[in-house]
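For this one, chain A is given, so just place chains B and C on it according to the hints.
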Amino acid sequence: MPAIGASRLPVFCASARPGRIFLAVYYIFMNSIRVIPRLDVKGPNVIKGVHLECLRIVGDPEELATRYYHEGADELIYMDIVASLYGRNNLLDILEKASENIFIPLTAGGGIRSLEDIKRMLRAGADKVAINTHAVRNPGFITQAAQAFGAQCIVGSIEAKRISDNRWEAYTDNGRVETGLDAVAWAKELVQLGAGELLVTSIDQEGTTKGYDTDLIKQIAPHVSAPVIACGGAGKSADLAAAVLVGRADAVAAAHIFHYKKYTIPEVKQALQEEGIPVRIPVSAKTA
Amino acid sequence: MKKKILIIDYGFGNLFGLQKALTHAGANAGISENPCDMQSADALVLPGVGAFGGGMAEMKKRGFKQPILDQVAAGKPLLGICLGMQFLFEKSYEFGEHEGLGILEGEVKKIPVTAGSQCKIPHIGWNALLAPGKGGVFASKLLAGIKPHSQTYFVHSYAGYPSRTDDIQANTCYYDSVFPAVVARKNAFGVQFHPEKSGETGITLLRNFLSLS
Amino acid sequence: MSDRTPQYGLPRQVAFCTKCVIPNTRPTASNEYTHHKARGHDYIQFDKEGVCSACRFCDAKFDGTIDWKKREQELLELLDKHRSKDGSYDCLVPGSGGKDSIYASHILKDKYGMHPLTVTWAPHLYTDIGWKNFQNWAHIAGHDNYLFTPNGEVHRLLTRNAFLNLLHPFQPFILGQKTFAIKMAARFGISLVFYGPSPGENGSNMPIGQREYVLKGAEQKNHESKGYRLDYVDNTADYNAIYLGGKKVADYLQEGLSEGDLAPYLPLDPRLAREQNLSFHFLGYYLRWVPQECYYYAVDHAGFEANPMRSEGTYTKYSSLDDRTDGFFYYTTYIKFGYGRATQDAAQEIRHRHINREEGVALVNRFDGEFPKKYFKEFLEYIDVTEDKFWETINAFRDPLLWKQENKEWQLRYKVH
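One line per chain: the protein sequences are A, B and C, in this order.
The first sequence begins at 1 in the numbering used here and counts up one residue at a time.
The second sequence begins at 1 in the numbering used here and counts up one residue at a time.
The third sequence begins at 1 in the numbering used here and counts up one residue at a time.
So here's chain A without its partners, still in its complex pose (with noise of 0.2 Å):
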C-alpha cells in the first residue's frame, strides 16, 4: 500500500463496503486528492503553451469547463497567461458565465496587483485567487489579502525552473523574467505570510507530458501546512499518481491532458483509485 496518511492506527469510522474495509477506512481518515483541471487563457480563448511558450488555441473555455465540471473535475483554475505580461484583466466575463452553471471551487489567477483586483475576481465568481508576479514584487500584498478575504481565498502560485541538481529558480510574468528566489524557499515563505494553498507549476516540464517534477513538489508538500497542488507535465495517468505518491500533493492539477483529450476525468480518477488514492467519484459524472 503506498505510504501516506498519519502513521497512527486509523479511526474506524462509519460503515465500510465489506471487503475494502482496509481502503475504505483508508478513504475515509483523509480526503479526497482533488483533481483540477487548468485552463491557461488568452483573452476568449482557452490557450496550451509549453514552458509557459506560445499561444496555441484549444478551446473555448466556457465549452472546457462545461465538460469538465460534468465529468467530475474537482475545482477549475482559470489563468489569464497574459494578464501581467499586457497589464490588463480579462477573466471577468469567463467567471461569471462559468458560476451560472458550474458549482465547483474555481482559482483564478493572472495579473492580480490589488485587493480591488481581487474583489472583483470574487464577484464576478472565483473561490479562490491565484497570485504570483505581485507577490514576488510586494511579499506584504499576500499578508494583505489574507487578512481581507481570508487566507483559504489566497493561492501563492509558484513558476519555478531548476537550476541544478536540488535547486529551482521562481519566476514571474508566465515564465518569463527570473527572480533570484529559490523556489522552494520562496514556497515556504508565501504559507508564512498567510496563502492558504499552493499552486507549483514546473516551467521545465509543463506542457511537455513528460510527467511532473515530483522532486519539486516532494521538498514542498511535506514542509508546508497549507496544500499544494502539482501542476505541470502530467501525460499519462500514472504520472499524476506519482505527483501525488511520491511528490506528496494534495492536488494535482492538467491541462494538456484534458484539453486534447487524452483522458477523460473518469479515467483519470479511476487510474487514481486504483493505485490506492481515493478520489471523489461523483454520482452525476457521465463516466467515459
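Note that these hints are calculated values from the structure, not bench results.
A quick note: this is a predicted structure, and the numbers were derived from the prediction, not measured.
Some hints could be false.
Said to hold, decoys possible - Chain A residues, not near chain C, derived (Cβ > 10 Å throughout): (1) L52; (2) G59; (3) R88; (4) K188; (5) G194; (6) G211; (7) L245; (8) V246.
Said to hold, decoys possible - One side of the interface only, derived from the structure: several residues of chain B facing chain A at Cβ under 7 Å: (9) N14; (10) G50; (11) I124; (12) G202.
Positions of the beta carbon are idealized from the N, C-alpha and C atoms, including for glycine.
Relative to chain A, chains B and C alone:
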C-alpha cells in the same frame, strides 16, 4: 411559485456564487444588507467565510443579530453555511472567545490535529458525508436523495460541535478527527461545507432546503 | 516633419504599419559585400492603406489567396526530382538547431522521405540552451550535421570592424552563414538547398509567388524585387570591390591577413554555383509557415526547450536563443532604425494571428529597446572595445530623425500607438 430566499449580506462571504447556485436550484434568490428584508422571505441563508469574531461583530453592527433570532424563533427556515453554520452555536474559540447566535447548544473549536500527523489545516477539499448513527442512512430531510459517502467541498479550520447529539445530521472524518458536517434543530440548519461549490450533491441539498421552506 | 537629413536613406516621415507594429524604417536585405559606411537602404513598403508588405504577405497565407494543396504538390514534384536512391544527401538545410531549422529538416526527412544534410555556422558565443537545442537536433530529431566554427581571431576582428564601421556586428556572421551553406552545397554536390520562410514574410518586399533565391546575373532582369538574389559579387577576385565589416578585403590583406583567413566569408564563384545547378528554395513557399507551430513541432520532435527567461529586449522565449551576443544585433538595429526585438516578435505574432495589434503595442512599449546587459561584458571583450568606445559608437549612429536628447537621456521621437 418560486421560493423567495434571502441571502444575508453582512459583508463576509462570496455571495454571488451562492446566489447563482440557489437560482439554479430553483429559488428566487436575493441578497440583502437590510435586516428588514428578512420578513418577506420564505427562508434565509446565512453565508460566511473568514473569522468568527469579525463576522459576528459585523452582523451585530448591521443589526442582523436580533432579527435573525426572531425570524428563527418564529419558524422561518435558516441555512447557515460554513462560518454561517458556526454562528448558530453559543460560542467560538477562534482568536479568543466569541459569542454566537446560540440557536444550537454547543461550541466551535479548532479541528484537533495530532502532533506528527500529516493533517493540514485548513481542511480544504472534498470529503465524505457520513451518517451519524448505526443505521447508516441520513434521517434529515435536508439530505434527502443524498447517499452516505457523497462528497462535498470543505474549507475551514474550525468546526461546530453540538452539545445535543440529536442535532448532528451528518459527520465527516478528516485524519483522526470526526466532526459534524450537517447540523439541524427544527427550522435551523447548518452545513460546514459549501453546497454551492459541491457539484450536484450541493444543488440537491439546496433544493431540499427550498422544499422545506 | 523634420529638417534633419536622415542617414541611411531613412524615410523622412516615420510611420507605423496599421496592422502590425513595424515602422517604415525597417530595412530590407541588401548586398552586404558592398556595404561600407553609412549608405542608404531600401525599406519595407507600406501600401495605400498603410499596411506593410509583410502583413500583406502573411495575410495571403491565411485568406485563401494561396492554394496550399497546389503548393504542396509543387513541393512533391520538386522533391521527387531530387530524392536520393543511394543514401546520399539529397537536400541541404542550413540552420542553427532553432525551431525553424528543426522543423524544416525534420519534416523533409520524416514526412517527405528526403535525406537532408544540415549545416551550421557557429554562433559567436554559444548559450547553454542554444548548445543543448543544437545537439538535440542531431540526437533527438535525428540528422547529420556539419558545424563550422570560424577562426575566432578573424571572426572577432571582422565583427569588431562591422560594429565600429557599420554598427552591424552581425554582418560577418550573416555573410559567413549564407556563403557557407552555398559552399557546402557545392562541395557535397547537393543541388537543392532549403531555407525556411521567405524573407517576404518579414518585410523584404518579396512577392508571394517567389519560391527561391536566384543568383544574380541570371535571366531575371525584370524581377519585381531586389531581394530575389543571394548576396553576390560580379568578380570574386576583385578585392577592392568586396567589403567585410565595412572594410575592403584588399586592405585586410595589406594589413597582414591572408586570403585563407578571409576565405570563409568570401562568396563562391557564381559560375561554380550555376554549373552545379544549385537552387535555393524557401520551404515556406511550399508549406504554410507559422513560427509558433515550428516551436511546438520542435518540442515534439527534438525535445526543443524554450529559453528559461524572456530574451532581453523582448517578451518571447522561443526564438533566436543560441548566441550570447544576439542582444547586440537587435540593439544596434534599435539604434539605427528605431525598432527593436520586441517590435519584430510582436509584428510576427500579429501577422500570425496570435496577438492583436493592441496587445502588440503594449508589448513593444514595455520591452522594446531594453539594453542587453546580461552579456555586455562578454560582448565588449569579444570585439575588444571599451565601454566608452561602445557608447561613443552607438551614439554616433543615432539618426537625428529618430532620436532626440533630453537632459542627457536619449529618446526615440516616435512611439508606436
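Taking the hints in turn, this is what the structure says about them:
Distance check for L52 of chain A against chain C: the nearest CB is about 8 Å away, which does not clear 10 Å, and the non-interface claim fails. The beta carbon of G59 of chain A is kept farther than 10 Å from every beta carbon of chain C, the shortest such distance being approximately 16 Å. In this structure R88 of chain A is not separated from chain C by more than 10 Å, as the shortest Cβ-Cβ distance comes to only about 8 Å. The Cβ of K188 of chain A sits about 22 Å from the closest Cβ of chain C, beyond the 10 Å cut-off, so the non-interface label holds.
No beta-carbon of chain C is positioned within 10 Å of the beta-carbon of G194 of chain A; the least distance is around 28 Å. No Cβ of chain C approaches the Cβ of G211 of chain A within 10 Å, the least distance being about 14 Å, so the stated non-interface status holds. With a least CB separation of 26 Å from chain C, L245 of chain A remains clear of the 10 Å interface cut-off, as annotated. For V246 of chain A, the non-interface assignment is confirmed: its Cβ lies about 23 Å from the closest Cβ of chain C, beyond the 10 Å cut-off.
For N14 of chain B, the interface hint holds, the least distance from its beta-carbon to any beta-carbon of chain A being 5 Å, beneath 7 Å. Using the Cβ-Cβ criterion of 7 Å, the hint placing G50 of chain B at the interface with chain A is satisfied: the shortest such distance is roughly 5 Å. A hinted interface residue such as I124 of chain B counts as satisfied when its beta carbon comes closer than 7 Å to some beta carbon of chain A; here the least separation is about 5 Å, so the hint holds. The interface hint given for G202 of chain B holds, since its Cβ lies 6 Å from the closest Cβ of chain A, which is under the 7 Å cut-off.
Checked against the numbered hints given earlier, the structure breaks hints 1 and 3 and satisfies all the rest.
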